[in-house]
Every structure is written in structure tokens, then in C-alpha cells.
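> Here are the chains, one letter per residue:
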Amino acid sequence: EPEVTQTPSHQVTQMGQEVILRCVPISNHLYFYWYRQILGQKVEFLVSFYNNEISEKSEIFDDQFSVERPDGSNFTLKIRSTKLEDSAMYFCASSRDWSSYNEQFFGPGTRLTVL
Amino acid sequence: AQRVTQPEKLLSVFKGAPVELKCNYSYSGSPELFWYVQYSRQRLQLLLRHISRESIKGFTADLNKGETSFHLKKPFAQEEDSAMYYCALGQTSGSRLTFGEGTQLTVNP
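Order-wise, the sequence lines are chains A and B.
Numbers 27 to 141, taken from my numbering, label the letters of the first sequence in order.
Numbers 1069 to 1177, taken from my numbering, label the letters of the second sequence in order.
Calculated directly from the structure, the hints in this document are not laboratory data.
Possibly wrong hints are sitting among the right ones.
Below, simulated SDA-like cross-link-like pairs (lysine to any residue); rule was C-alpha separation at most 25 Å, straight line [as the list claims (entries may be wrong)]: (1) 83(A) - 1090(B); (2) 1083(B) - 1134(B); (3) 1141(B) - 83(A); (4) 83(A) - 1132(B); (5) 1141(B) - 67(A); (6) 68(A) - 1137(B); (7) 68(A) - 1084(B); (8) 1133(B) - 1109(B); (9) 1077(B) - 54(A); (10) 68(A) - 1141(B); (11) 68(A) - 1132(B); (12) 68(A) - 1177(B); (13) 68(A) - 1094(B); (14) 83(A) - 1098(B); (15) 1077(B) - 1174(B).
Over the 12 Å line for every Cβ pair with chain A, so calculated as not near, a few chain B residues [as the list claims (entries may be wrong)]: (16) 1083; (17) 1086; (18) 1088; (19) 1092; (20) 1106; (21) 1127; (22) 1128; (23) 1133; (24) 1137; (25) 1163.
Note that beta-carbon positions come from the ideal geometry of N, C-alpha and C, so glycine has one too.
Just chain A, with the same shape it has in the complex (with noise of 0.2 Å):
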């Protein structure tokens, strides 16, 4: 059965480092989300992806975040200059259609310590 693929699972990083998180969603989905969860925390959305641009994106994605669809199988999700509170667990999810009522696939997770 397809699954979504992240990489790595856990990525350790300074302060002020630029991070890319990496995930390969499966193969016939066309939209393409990332969350994540602070420990301890909620999970929470972050963005969505659609035809190359972004759908919907929340508050927490502010100027620092990027995605990007550099190829036909990855989707990645960029943080510029990481701070302490970025530490979390990243999940990506895709699925096939727009509407909610399809199912997100969840990637195992790319657990971000900075340090």
C-alpha cells in the first residue's frame, strides 16, 4: 500500500540555521499539506499546496516558512532562520481532492530539535 515518506526523521539543528524537511506524498495525490506538533501540544495545520502554489496557509506560517514542489515526487517544506520554538514534530499529509471528506495520508513525521 502507498504511504507518504518524510525525510529525515529527526533533523537536530543551531538556532539561526536554515532547515529544509523533506517528503515524498503518494504518488497519485494532488494536494499536499504539512502540520505540526509541538510537544506536549496540539497538531496543528500549517499549509496546504495545490497546482504548485499554496491553498491555505495558518497564522504560524509566516514569512520564514517556504514549500516547494521542486519535482514531480517531492514536496518540501523550508524554514529560513529556525528559533528554539520551531522545535517540534513535522508531519506532511496528502490526498487525493481538495475536499476534507477525502483522507489526509500521514507521513511518519520529521521530529526538529534546534538547538
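Following the hints, complete the assembly by docking chain B onto the known chain A.
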């Protein structure tokens, strides 16, 4: 703004006992509710959605618009049901999911 509340962070029951995981929501539109589950060291996966009105792994959930609730129920809990359960709200026009805080269910032998 939409909001999902799961009042119990931890819930512990014995095998064979009924279990109910509570979820309340607030949303001005017509809600789309889901339950996601995360087993130990596994990814988040959809358990069920209100629109399907189905039973998955013995679990059911009924949307109660009057009480703005979407509680998850199972009449006889099994040890393999031990997991983190998240209630999530989808928007009528848009794709974001708003998650509750999650309830860690432990089913004891």
C-alpha cells in the same frame, strides 16, 4: 474560528469494558468530523469520519449537532485498541484539519 476539545488526556479501561472518548467542537459552518488514531511508533491514520456513518474496528461515532459533540465509542475494548486518538474538524470549504489535543487510551488486560 473552529476549535476541537478532547477533555481527557488519558483514559484507562480494562479489556472488555466499554470505552467512550469525548470530543466537542465549535464551528460556525457545517462540520466535517473525523477520528484519527496513532498506534505506538506508527503514523497518524484515519479511523473513521462522520459522513460515512460506519463502524471501524468496532468503533462508532455519532455527530450530535445539538451538543456539538462527536464522541467515539466501542462497547468492548481490546488491548490492541491502546493508542492515541485525535478528533479532527474539517472545513466545508477548504482542506485544513483542526485537531483536538488527543486522548491516550490504555486498555489493560
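> Taking the hints in turn, state whether each one holds.
Now for the hints, and whether the structure bears them out:
Between residue 83(A) and residue 1090(B) the alpha-carbon distance is near 28 Å, which puts this suggested pair outside the 25 Å criterion. Of the pairs offered as hints, the one joining residue 1083(B) and residue 1134(B) is violated, with about 32 Å between alpha carbons and a cut-off of 25 Å exceeded. The straight-line distance between the Cα atoms of residue 1141(B) and residue 83(A) is roughly 33 Å, outside the 25 Å bound, and the hint therefore fails. About 29 Å separates the Cα atoms of residue 83(A) and residue 1132(B), which puts this hinted pair outside 25 Å; it is violated.
A distance of roughly 24 Å separates the Cα atoms of residue 1141(B) and residue 67(A); the hinted pair therefore holds under the 25 Å criterion. Proposed proximity of residue 68(A) and residue 1137(B) is supported: the alpha carbons are some 18 Å apart, at most 25 Å. The hinted pair formed by residue 68(A) and residue 1084(B) fails the criterion: a straight-line CA distance of about 30 Å is larger than 25 Å. Restraint check for residue 1133(B) and residue 1109(B): the C-alpha separation of about 34 Å exceeds 25 Å, so the hint is violated.
A threshold of 25 Å between alpha carbons decides the hint, and for residue 1077(B) with residue 54(A) the separation of about 36 Å lies outside it, so the pair is violated. With a C-alpha separation of about 22 Å, the suggested pair residue 68(A) and residue 1141(B) falls inside the 25 Å cut-off, and the hint holds. At most 25 Å may separate the alpha-carbon atoms for a hinted pair to count; residue 68(A) and residue 1132(B) meet this at roughly 23 Å. Restraint check for residue 68(A) and residue 1177(B): not satisfied, since their Cα atoms lie roughly 29 Å apart, outside the 25 Å limit.
With a CA separation close to 16 Å, the supplied pair residue 68(A) and residue 1094(B) stays within the 25 Å bound. Restraint check: the Cα-Cα separation between residue 83(A) and residue 1098(B) comes to about 21 Å, which is no more than 25 Å; the hinted pair holds. Restraint check for residue 1077(B) and residue 1174(B): the C-alpha separation of about 11 Å stays at or below 25 Å, so the hint holds. Look at residue 1083(B): its CB is around 28 Å from the nearest CB on chain A, clear of 12 Å, so calling it non-interface holds up.
Once the 12 Å rule is applied to beta carbons, residue 1086(B) is consistent with being away from chain A; the minimum gap is 27 Å. Non-interface status of residue 1088(B) relative to chain A is upheld: no Cβ of that chain comes within 12 Å, the nearest being about 21 Å off. Consistency note on residue 1092(B): stated as away from chain A, and its beta-carbon is indeed over 12 Å from all of that chain's, at 14 Å minimum. Not every beta carbon of chain A lies more than 12 Å from that of residue 1106(B), the smallest distance being close to 9 Å; the non-interface claim is violated.
Every CB of chain A lies more than 12 Å from the CB of residue 1127(B), the least distance being 16 Å, so the non-interface label holds. With a least beta-carbon separation of about 18 Å from chain A, residue 1128(B) lies farther than 12 Å from that chain, consistent with its non-interface assignment. At roughly 17 Å from the closest C-beta of chain A, the C-beta of residue 1133(B) stays outside 12 Å, upholding its exclusion from the interface. Even its closest Cβ contact with chain A, about 18 Å, leaves residue 1137(B) beyond 12 Å, as expected for a residue assigned away from the interface.
With 12 Å as the threshold on Cβ separation, the claim that residue 1163(B) sits away from chain A is violated: the shortest Cβ distance comes to roughly 5 Å.
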